[in-house]
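Enquirer: In case you want the letters, here they are:
2 protein chains.
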Amino acid sequence: MSKVIFQIEGGAPVTIDCNPGDNLLEAARRANVAIDAPCSGNGSCGKCRVKLLEGELDCIISRHITQEEWEQGWRLSCNAKVTGDCTVLVPDIASAYQSRMKTADLSSPEELAIFEAAQQGLLESGISFENNFRAVVFAMSAPCEDDTMPDNERLTWALQAELGVENVHIPFPVMVKLAHTLRENDFYVCVKGELQGDTFLCMDITAADDTAIVGCAIDIGTTTVTMVLTDLTSGKLLAKGSSGNGQIRFGADVINRIIEQGRQGGKKKLQDAIVKDTLTPIIANLCKTAGISARSILRLSIGANTTMNHLLLGVDTDPVRMDPYIPSFFSWEGLLAGDLHLPANPLAPVVIAPNIGSYVGGDITAGTLASRIWDKDEMSLFIDLGTNGEIVFGSRDFLMSCACSAGPAFEGGDISCGMRATDGAIEACTIDADTMEPTLTIVGEKGQKPVGICGSGIIDIIAELFGCKIINPKGLFVREGDRVKRDAHGMGRYVIATADESETGREVSINEVDIDNFIRAKGAIFSAVDTLLQSVDMTPDCIDKVYVAGGIGSGINMQNAVRIGMFPDVELEKYQYIGNSSLTGAYAMVLSDEAIRKCSEVAANMTYLELSTYPGYMDSFVAACFIPHTDARLFPSSL
Amino acid sequence: MSKVIFQIEGGAPVTIDCNPGDNLLEAARRANVAIDAPCSGNGSCGKCRVKLLEGELDCIISRHITQEEWEQGWRLSCNAKVTGDCTVLVPDIASAYQSRMKTADLSSPEELAIFEAAQQGLLESGISFENNFRAVVFAMSAPCEDDTMPDNERLTWALQAELGVENVHIPFPVMVKLAHTLRENDFYVCVKGELQGDTFLCMDITAADDTAIVGCAIDIGTTTVTMVLTDLTSGKLLAKGSSGNGQIRFGADVINRIIEQGRQGGKKKLQDAIVKDTLTPIIANLCKTAGISARSILRLSIGANTTMNHLLLGVDTDPVRMDPYIPSFFSWEGLLAGDLHLPANPLAPVVIAPNIGSYVGGDITAGTLASRIWDKDEMSLFIDLGTNGEIVFGSRDFLMSCACSAGPAFEGGDISCGMRATDGAIEACTIDADTMEPTLTIVGEKGQKPVGICGSGIIDIIAELFGCKIINPKGLFVREGDRVKRDAHGMGRYVIATADESETGREVSINEVDIDNFIRAKGAIFSAVDTLLQSVDMTPDCIDKVYVAGGIGSGINMQNAVRIGMFPDVELEKYQYIGNSSLTGAYAMVLSDEAIRKCSEVAANMTYLELSTYPGYMDSFVAACFIPHTDARLFPSSL
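For the protein sequence lines, the chains are V and D, in the order given.
Going by our numbering, the first sequence opens with residue 3, and the numbers climb by one from there.
Going by our numbering, the second sequence opens with residue 3, and the numbers climb by one from there.
Calculated from the structure, these hints are not laboratory results.
Check before you lean on any hint, since a few could be wrong.
Listed below are the simulated EDC-like cross-link pairs for lysine to aspartate or glutamate, each with C-alpha atoms no more than 16 Å apart in a straight line [unchecked claim]:
id	chain 1	residue 1	chain 2	residue 2
1	D	LYS179	V	ASP188
2	V	LYS270	V	ASP211
3	V	LYS179	D	ASP341
4	D	LYS179	V	ASP320
5	V	LYS179	D	ASP320
6	D	LYS547	D	ASP379
Covered, in the sense of this in silico footprint (three residues per stretch, anywhere, with C-beta under 8 Å from a C-beta of chain D), are these stretches of chain V [what the hints assert, rightly or not]:
id	segment
7	142-150
8	178-184
9	336-349
10	400-410
Per label pair, the in silico range of CB-to-CB distance [as the list claims (entries may be wrong)]:
id	chain 1	residue 1	chain 2	residue 2	range
11	D	ASP188	V	SER236	47 to 55 Å
12	D	PRO326	V	GLN266	55 to 63 Å
13	D	LEU125	V	GLU147	36 to 44 Å
14	D	ARG185	V	THR615	19 to 27 Å
15	V	ALA144	D	GLN69	48 to 56 Å
Remember, predicted model here, so these are calculated numbers, not experimental data.
We put the CB at the ideal spot given by N, CA and C, even for glycine.
In isolation and in its complexed conformation, chain V is listed as follows (with noise of 0.2 Å):
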């Protein structure tokens, strides 16, 4: 046995126990020691380094580690095997996490702008946004010796008169607390609850100044999760916020966490990463925000895709990823807050948006539900741009659906200097055709120096650098410069920021790996959304209106995007951003009956194409891996 001691920044260390050979990141998860491992140890993303301090690691050498940082300590973990006892310095996951929980400022009219409108939306299509959840108020009598009544049949009683329902159903976590809070504010008090029919089911039961009663949105992500709180009454909206999904430690995209849910003990490691480390955080948060009581959270619903949605519950995910790739559900009924242990009335139900297939799952058919394409005459495009790209196209009279693995590009994934939208990351970038020098859009306060790239910005430097010529169509530098780089083996860079001038004293550039990496994701979107218009014989001048979707951000340049043929080239007034659409989906549901029933009828009705097995989808994905396409045709405006 040798001890491995984890010396975490900013925490206490952990020393686990282990055999020679063990692997460093496994050891680490055993210690529950988090390291960040977007790609689950396959060695591929470079993001999983420890500092060597004492001892010795049995470790391969990994292009991600610098001659310089290897003298310095620096290892992977993922290929790092224990070899007797040693000391490592683990960098603070916790701090990126933290600066990943944000909480919105709900005093800005844009924060509030899209929940306006996709509820005004809703409301023009039919949707009504009501529900059935109440507050109520009253006194009773106490019981005395004329009036032995019980408590239960007391409240019944007192609820039948107030509501004018015919029964009352009392669950065990109100009946438990029946007696003392009726006693502690002398019978008079306030009771929440649903109207189901002419059943009013108790919810809780508070003191009679304790009335608020509140729905709580979801948008489970696999990177990134979202969260609003309502008001069930109102409609206002209380409070939002959002944080990194906490599994991403078992794997940035969905194929990792599902091996790891198939492990001994990993369906409950992964529902605990996504509940306890990641929904419970940010509810509190909010309610605290909100000033609320988690107890008063009386319905939430959620957006997630099929994986979080089985990861999320605790069922076996292995289905999804296994021929034939049906999952074990697409919806599912009756779920109470309780069944999840979620910081909220534990009878609370958690509204689940249906599922389509394996990889169109309830956040499409809740970002569906939001943009309002089963309403309308006119064929639409709806592109939610996530981990994983999902495409949707139609009208009122059907609804087609696929999905393609784009992979992380677009949140910065697979790209060497790649980030998500977070302080620091290059949002929007133009290029001079002449001198190559670029002009950059930086997230953060004015003065902020870039740190890396997100999605936003790779489409612009990618759509600049072809544009410019310094790259060929298959992504290959065809101009020389000063900006433009070769290491030793000959492959070229773009130096978006030298060291000198990036916040970390690291260089930000951009190789033909990453751009080989973009034109694959982008290719597979293209490719997507062709062949799902291939599968109804339509073609492009089809499309009246394309809605983006997703963590891409409101500053996506859809020229650019046309540009290097990742959206189709149809006027750019038809391309509409419509942001977090699973998430204004899921608002749309936790506030209102019918918006349930409408998003579970959008499901029943969609039509999943399952891309890997349709014929001639892996021909147009080869022929879309190229700026913009191997048929010039399809992009008249590059012509």
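The hints should help you fit chain D onto chain V, whose structure is shown.
Expert: Only chain D this time, still in chain V's reference frame:
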């Protein structure tokens, strides 16, 4: 701070920090050291003795500790205060508890007869022994490219076909195991659940060879908990067992436990004592005996008094003992095993036989159900002798009930040499009128020497002492002899077994205080019967049948019970001992949906008479505190 070390007989020592002046019994409770304290530290029972091994304790002298014992270091922990570091020996309560954990021998026809008789009787009263629990075994086709139904829809479809139901409900605990159970068993499975009208509620999914579906009927007595497991399909008894109620460490009677639950954290403590420390080990034990998994238990039924029901559910029990004595609930719908964390299928309904007042609980409604007095033209009296005494009188036309605080005398409490009906208990006795020598029947193997006296033994001894004119109607000794002794204060006692004759080397005797305690207990019973009859303008002549139930045991000598004025003086053949009717009632309810409905009906039709406020009850009680009674005309057979 002082260190107190509890040296537990047969266990590991436990150390706790105490402040000077801390009560030793309280300190033991904080340290989770179990000391038997039936009177909950009131100093009256003398059971909480510990032996001081080292250090000092500040104690007052108690009549329960002799001078010799005092010198040996014996102290009552309830009146001992910590003054400094000390070590005390704690007698092993665990072994006492273990000895009370019993598994019945179901090969014995006597054990089965009472349940068969109950079932037969209820069938005669038109109660069918049917329920809607089912175990369905079937094979499904696996999903494939041409059959893309997800697991839950696939299961729904299969069950609709198998059972002809319209709806199938698959709750969370089944949903989460659905995917891997189906695949582990190649889609050949058993589904267990309940038919509810046109809906089938899935409660479990298992391998096709695991088809057991089991009911668990429980009688929760204040002192003893008894349970049977029964096959829900065949009605066959699978196992039967009992153990002491773990709440006893917080008081032998309900009042002390109610006080305890009202303290900080008390509800959880009392609930844990019954759920975790009592029901869980019995269920585990019986499941092992029956060779089934606890998850096969699909319904539980509970016959328990009002306080036990409240404590079990963790509901504030103060309303039970506080004016106007109206419990928080009579009946409780929709309770599940998972709510209580009972080891059973978490979705298994827990059917609580309804309470009808603070001191007439579900044990009595269940017992009344089993007695079938609700189905008879004749006038029946039903007497349940537990820690309290409850009485029901009536016929198919009306039912009246009341309760009296007889105290624990019938179970050996409040009696210096009293004990429960376990090994060594004197359960029957005759005394020779001339020699005054006793002839004893003792519980246990042949050759077992006496340890103490249980309820039925006390009735016999007092009846015989009175019959032999050794005591007078007030219970005072009026004859002298070898076996009649007096202490320094002149208090008389009858020595049933000398120190030499006894098992423990301690004399077994009954003294004037014991007799006085018992006279008050039997007086409470008789006056309750008397008052109940008066309340409906009837006299003992009207009684056609007397059913005696409860833990006092089948050994009870009805003639002696009449002779001492405990039961009304009616023909002996009218008396019938029906055992633990709360358990037989619960057994009927776990098997039969109609029995559940009938029990609710019985409860709804039963009138509760609050004796404490009933005019004339106190006079009746005082008059009954003689042997047999101040009004000898009430006992013509004794004249």
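Enquirer: Enumerate the violated hints, using their earlier numbering and listing them in ascending order.
Expert: 1, 2, 10
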